[in-house]
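K.L.:
Sequence:
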Amino acid sequence: MARPRSDPNFLAGPYIDRAVDQRKDPAQLRAALEDPATLLVPVWRTHSLVAVSADTVSARFVPAAALGERPDPQELIVLGRFRRRLCLAVELHTPAPPPFEAGEFRDLRAIAGELPAEEAGVLAYARAMVLWRSRHRFCGRCGAPTVAREGGHLLVCSDPGCQGQHYPRIDPAVIVLVTDGERVLLGRQASWPPGRYSTIAGFVEPGESLEDAVAREVREETAVEIDAVEYHSSQPWPFPSSLMLGFMAHASRTEIRRTDQELEDARWFTRAELASGAVGLPGMHSISFRLIEDWYDSAASVPLRHEPRVRVWKR
75 MARPRSDPNF LAGPYIDRAV DQRKDPAQLR AALEDPATLL VPVWRTHSLV
125 AVSADTVSAR FVPAAALGER PDPQELIVLG RFRRRLCLAV ELHTPAPPPF
175 EAGEFRDLRA IAGELPAEEA GVLAYARAMV LWRSRHRFCG RCGAPTVARE
225 GGHLLVCSDP GCQGQHYPRI DPAVIVLVTD GERVLLGRQA SWPPGRYSTI
275 AGFVEPGESL EDAVAREVRE ETAVEIDAVE YHSSQPWPFP SSLMLGFMAH
325 ASRTEIRRTD QELEDARWFT RAELASGAVG LPGMHSISFR LIEDWYDSAA
375 SVPLRHEPRV RVWKR
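Heads up: the sequence shown begins at 75 in my numbering, then just goes up one per residue.
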């Protein structure tokens, strides 16, 4: 199987010092608001603040004073230190996007691939935390309002009789490239543009190991059986809260039968077919492309992304 590279996937990597100790000290959070070096990462309706020019997109972080009013510490989420400056995420609740001279609010999923990787990672982190916070303003046990603790990374029920604790949740999903010698298994959903294919993926179910989830998803969607599974790498995917866990697997039975109709089509593709542009591949920033690329490059003279006719999604 392909040997994974050492460089991290897009949205992953040690781009930020998460300042875990500082989260737990309310006094430090209050002091941070008074520090002009502290930056806010605003999120409006899951959209991120960016500056867009003719040829570049960049993240925009703003000082607390840019909000006009002092933000409520309960609304702030400590992200950590990015480029040596403390960054705090904050959700803006205005009906319309607030005007900032520094930039405009855009859908992160649509423009993430145009951002520098480290900046995209910070914006994705902020988006994920704000979305989790907005969905847990009330206790899932008793319905009472929750109160933020530990720099926004813990929500505690305000009812003294409950005091339920709620931490950020992550939804693990497996994504796998199944190989059969010189072929790989790819599938497509009916809602995708014509010719667009990707690796097999699905969420892990309760009581299920990652390896079992890989085998189940492949079997359910294609009826292909596998006999070897190797972990490759992972990618945070906060749309809204997934962690993609990438695997390579070898097929022991290769006949394809679509049994659950989740896929419109599933096929085996050779390296030549991938390079020819006959199939549209996942975007280059996705772990799906990374899996395909590492397999392809392991036995090709020209890297996949340098093939002149290769066709990839923009998103």
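Some clues are possibly wrong.
Unchecked claim - Simulated restraints on C-beta separations:
(1) Pro137 / Arg341: 49 to 57 Å
(2) Pro137 / Arg290: 32 to 40 Å
(3) Gly142 / Ala105: 20 to 28 Å
(4) Glu299 / Glu149: 49 to 57 Å
(5) Val221 / Tyr305: 36 to 44 Å
(6) Ala176 / Asp99: 46 to 54 Å
(7) Ser372 / Val230: 32 to 40 Å
(8) Val230 / Glu299: 25 to 33 Å
Unchecked claim - Think about it this way: if two alpha-carbon atoms lie no more than 16 Å apart in a straight line, the pair counts; the simulated EDC-like pairs of lysine to aspartate or glutamate are:
(9) Lys388 / Asp181
(10) Lys98 / Asp181
(11) Lys388 / Glu224
Source of the hints: derived by calculation from the structure; they are not laboratory data.
None of these values were measured; they are calculated from a predicted model.
Where is the CB? At the ideal position from N, CA and C, for every residue including glycine.
K.L.:
Run every hint past the structure and note whether it holds.
P.N.:
The hints, checked one at a time:
Take Pro137 and Arg341: their Cβ atoms lie about 53 Å apart, and the range 49 to 57 Å holds. Checking the proposed 32 to 40 Å range against Pro137 and Arg290 shows it is violated: the Cβ atoms sit about 49 Å from each other. About 21 Å separates the C-beta atoms of Gly142 and Ala105, a value consistent with the hinted range of 20 to 28 Å. Evaluation of the 49 to 57 Å hint for Glu299 and Glu149 yields a pass: the beta carbon distance comes to about 50 Å.
Distance hint check for Val221 and Tyr305: the Cβ-Cβ separation is about 38 Å, which falls inside the suggested range of 36 to 44 Å. Between Ala176 and Asp99 the beta carbons are some 29 Å apart, a value that contradicts the proposed interval 46 to 54 Å. Checking the proposed 32 to 40 Å range against Ser372 and Val230 shows it is violated: the Cβ atoms sit about 49 Å from each other. Range check, Val230 to Glu299: about 47 Å between beta-carbon atoms, so the 25 to 33 Å window is missed.
Among the hinted pairs, Lys388 with Asp181 is consistent with the structure: their alpha-carbon atoms are about 15 Å apart, no more than 16 Å. Under the criterion of a C-alpha separation no larger than 16 Å, the hint pairing Lys98 with Asp181 is inconsistent with the structure, at around 31 Å. Restraint check: the Cα-Cα separation between Lys388 and Glu224 comes to about 38 Å, which exceeds 16 Å; the hinted pair is violated.
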